[in-house]
Amino acid sequence: MSISRRSFLQATSLGGLSYFGSSIWSSLFAAQSEMSKAKSCILIFLEGGPSQIDTFDPKPGAATAGSFEAIDTKLAGVKFAQHVPRLAELADKLAIVRSLTSMEGDHDRAQNLIHTGYRPNPRLQYPSLGSTVAWRQSDPEIDVPAFVSIGRKFETSILGPQFGPFVIEDIGNPAPSLTLPEGFSEARMKRRLTALEGFNGRFDKQYHSLLGNDLTQLTRRADRMRNCPVFQPYDPAAEEPELFERYGSGVNDGYMARACLSARRLVEAGVKFVEIQYGGWDTHDDNFNQVQNLSASLDAGMSTLIEDLQERGLLQQTLVVCVGEFGRTPKINGDNGRDHFPDVFSALLAGGGINVGQVLGESSEDGSEIKHRPVSIPDFHATLFTAMGLDISKDYFAPDGRLLKLTESGRPITELLAS
Amino acid sequence: MYRFIRYAFTLCLVSAAVCEATDSPDSISVSTQIDRVVAAGCKKDGVNPLTACSDAEFLRRVWLDLAGRTPPLTEVKAVAAGSGLNRGEVVQRLLTSPEFARHWGRLWSEYLTDRRPFETDGYDGPRLLQFLTEAIRANQPYAELVSDLILGEGTSDVNGSVNFLLRFNAEPGPLTGAVSQKFLGLSLQCAECHDHPHARWKQQDFWGLAAHFARLRKMTPAQPAEGESFFVVIERPAGELRVEDKRAKPDENGDAPTRTVYPQLPGLSRSNASKQRRAVLVEWLTQPTNPYLSRHLVNSVWERLLGEKLVQNLDHWPPESASMNCELLNLLADDFTSHNWNIQRLIQTIVVSETYQRSSSTAEQGDAAVDSLQREQQLSHWGRARIRPLSADQLHLSLGQAFGYHYDENDYRLAVATGEEFTQDIPVNNLGATPLTLGRTLSLYNSDYVRGAVDLGAEAAIRLYGPTVGVEHVERLVMSLLSRSPSTDELEFFQDLGGEADPREGLQDIVWVLLNSTEFITNH
Chain A
1 MSISRRSFLQ
11 ATSLGGLSYF
21 GSSIWSSLFA
31 AQSEMSKAKS
41 CILIFLEGGP
51 SQIDTFDPKP
61 GAATAGSFEA
71 IDTKLAGVKF
81 AQHVPRLAEL
91 ADKLAIVRSL
101 TSMEGDHDRA
111 QNLIHTGYRP
121 NPRLQYPSLG
131 STVAWRQSDP
141 EIDVPAFVSI
151 GRKFETSILG
161 PQFGPFVIED
171 IGNPAPSLTL
181 PEGFSEARMK
191 RRLTALEGFN
201 GRFDKQYHSL
211 LGNDLTQLTR
221 RADRMRNCPV
231 FQPYDPAAEE
241 PELFERYGSG
251 VNDGYMARAC
261 LSARRLVEAG
271 VKFVEIQYGG
281 WDTHDDNFNQ
291 VQNLSASLDA
301 GMSTLIEDLQ
311 ERGLLQQTLV
321 VCVGEFGRTP
331 KINGDNGRDH
341 FPDVFSALLA
351 GGGINVGQVL
361 GESSEDGSEI
371 KHRPVSIPDF
381 HATLFTAMGL
391 DISKDYFAPD
401 GRLLKLTESG
411 RPITELLAS
Chain B
420 MYRFIRYAFT
430 LCLVSAAVCE
440 ATDSPDSISV
450 STQIDRVVAA
460 GCKKDGVNPL
470 TACSDAEFLR
480 RVWLDLAGRT
490 PPLTEVKAVA
500 AGSGLNRGEV
510 VQRLLTSPEF
520 ARHWGRLWSE
530 YLTDRRPFET
540 DGYDGPRLLQ
550 FLTEAIRANQ
560 PYAELVSDLI
570 LGEGTSDVNG
580 SVNFLLRFNA
590 EPGPLTGAVS
600 QKFLGLSLQC
610 AECHDHPHAR
620 WKQQDFWGLA
630 AHFARLRKMT
640 PAQPAEGESF
650 FVVIERPAGE
660 LRVEDKRAKP
670 DENGDAPTRT
680 VYPQLPGLSR
690 SNASKQRRAV
700 LVEWLTQPTN
710 PYLSRHLVNS
720 VWERLLGEKL
730 VQNLDHWPPE
740 SASMNCELLN
750 LLADDFTSHN
760 WNIQRLIQTI
770 VVSETYQRSS
780 STAEQGDAAV
790 DSLQREQQLS
800 HWGRARIRPL
810 SADQLHLSLG
820 QAFGYHYDEN
830 DYRLAVATGE
840 EFTQDIPVNN
850 LGATPLTLGR
860 TLSLYNSDYV
870 RGAVDLGAEA
880 AIRLYGPTVG
890 VEHVERLVMS
900 LLSRSPSTDE
910 LEFFQDLGGE
920 ADPREGLQDI
930 VWVLLNSTEF
940 ITNH
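For the protein sequence lines, the chains are A and B, in the order given. Numbering-wise, this note's numbering puts 185 at position 185 of the first sequence, and it's gapless, one number per residue. Numbering-wise, this note's numbering puts 499 at position 80 of the second sequence, and it's gapless, one number per residue.
Keep in mind the hints are simulated off the structure, nothing from the lab. Where a beta carbon is used, it is the ideal one built from N, C-alpha and C, also for glycine. Any given hint could turn out to be false.
What follows is a list of derived Cβ distance ranges for each label pair [what the hints assert, rightly or not]:
1) B:507 - A:398: 33 to 43 Å
2) B:742 - A:224: 40 to 50 Å
3) A:153 - B:642: 30 to 40 Å
4) A:400 - B:885: 46 to 56 Å
Chain A extracted, bound-state conformation (with noise of 0.2 Å):
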């Protein structure tokens, strides 16, 4: 509440809207156009609670430092710590958010609100923001599902299980299942779909059973995805192999460089929400080292996913989101590490329905509090939404006939979008 209405207020005495009243929140929306809006996302999911300062976000000279250098990015002025230099390279397409901050410390209920918008409530699973871009936004004619997660699991919402993620467990072979045995034809796994649906169907009738048609569709969504190259198993270093090198096949465990290059094939196949679960960033302990490894497979991973994205004409059309649940203490422990810190962090935004190319919100000298501009999660959400063409302000119907906003305080932050 507070902070809304701070942001708020430092909004308008900052941007001049005050002349306007909140009532030009809605007639802004409207005024963005069709073309600017994503048509799907990639979330990259820091899990653990990245260190903004030895990230995004460094305070060159402060006592809260550490031991990162400063480096100058594209943007004037701008400054990344030194382990993600290529993204620096690419700071003109990325939208800087310097001042998010949450209301939870604890890493589950902090990745459950990062994730759905809403504090964690112990009965009621609000869904996360790629099953609300599948409830909203998935076609049933396309034979890929909306939401595909990499690596994270998720609990069933209130939306119900079939809003939730496909989820890949193994990059190179992401539906194992799929791959029918050798001799067995097309035919005979058609003979057995036609001979279940005619099964089903008596029971159907029998049970007038609501749930047979659910799993009906289920099993049509499951053999249609045998039409999807993206699910056969792919090995990029025989495909594309100087494509994955950028993409950082070699740097760590190949496992970001093996993701980033997976979501864009999603993306590419029709996929609405990609997420990819990246942990180790809870660095309570030996936090420099730590970052350094970590901040080099992202760097590599997520820059050479925007330009992919780029170069097959894809970025407009797809929201890029870099984030964790919360970012860690300014203050350096007895262990050299940093602990958590819900106050002050920060997240990469780029691609479609997107203002890039600029810096939102600052935190103070030392890292300790926001000086301006605070984004709360719900304005986050309420901002990802809203490039992505949903419309925040109307009510919905969760399948059981719950009411259910997409946020239920979250206001957009109008710099950040695409105009």
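Once you've looked at the hints, dock chain B against the given chain A.
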């Protein structure tokens, strides 16, 4: 407002509940009383409940609910041959079977930890499972079981119950959230951070309860022997819970000062300081006048067996107006506490009722003209059995029942039986954790695991009846998967399907269709 709520709470502790069930003579069984309450509710709202399900349907339903798998072929055959089924006797037998203890032990352990029983991350999941399975087998009174879980002390690999405390790090905050949610059905954890103006539960209630766990300590051995991993929980003789005092002025470092919170239970004055703190908490939880412990357990068991809770939560208990569901909850809870918290008796009472044994299909009733609104009403009035998807465990055990297992080297059934430490979660790894997802569907569609099961089923039929698909093959496969005999139509349908290709492939196709069918992957 606040004072009023506090008053209301004290009141409801004293007089168990407002909307009490009408007095019934002892001679009428509680099962019959349930059926009467449901019949009255249906009549009042003009709902026509379905009649009883068939013996075959009942046998399958109750085996899946109580033992976690489909019934064995011999019992299915007996029912199919027309020998009448003594339903009460089946229930009695299942409740004393080792499979019942294993299935409900697994359900309990997942419910209490929110995890699969294979976890060893900070606590010993398999050991907790073993403890719960043993408690169910021995039919330990529920109040005793709860007190064992809360009073746990000692080493995680020796004392099974201590692993409940360890799952929540033996810390006051997480434990208070878990105890209120899992034992009382209350969302006290919202009050951990803030007072909500409309909520009954206040921060004082949360932290006052949490202070009963203030003296717990989790200890990790400094140098455990190679390959050994265990934790220890102790209760220290002194120490108080300190929480951030948000109203006080921050000190010079900007940190909020802390204040001491003393143990105090909701609606009561400060707890007796001379007793062990957790013992005071357990005494409060398990006294018969506490309406929550018994009602939450009844509500949860009812949900397991009928697919839906009686009431959404107990935060606003007792409700302002009487209702059928509230009457059912009181009826069962009163019987439960007056019979020494007997879980087996509770389950038996529910499953021998007509309400549990309702049909889930309209076709058997002879009138197909039931529209969707009427169906919804039948469901919400317990006038129609709900169709529920099977869990990964139920699917795995049912396939094992039908065909045996092909994952011999890590036989899940064996591991459960011997209480050996689990290294792999075969059901979930192969079938996915959640029903009704693309992941689960893909596994059933063509995973290695399901292909293995399909092969086993086809081979078994060939061994028994030879390679050419005939009536016996279809009969056996339908009986072992669907737990009923096939209709004449179906015999023809599957023989046609199986006759189209070479016989082995044909049989595989039949097994595949049955295994993927809605009828097999649901309880109905």
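Lying within 46 to 56 Å: is that true of the beta-carbon distance residue 400 of chain A to residue 885 of chain B? Given about 51 Å between the Cβ atoms, the range holds.
Taking 33 to 43 Å as the hint, is the beta-carbon distance of residue 507 of chain B and residue 398 of chain A inside that range? holds (41 Å)
Using the beta carbons of residue 153 of chain A and residue 642 of chain B, state whether their distance is inside 30 to 40 Å or not. Because 34 Å falls inside the window, the suggested range holds.
Residue 742 of chain B paired with residue 224 of chain A, Cβ distance criterion 40 to 50 Å: 45 Å Cβ-Cβ, so the 40 to 50 Å window holds.
The structure agrees with every numbered hint stated previously.
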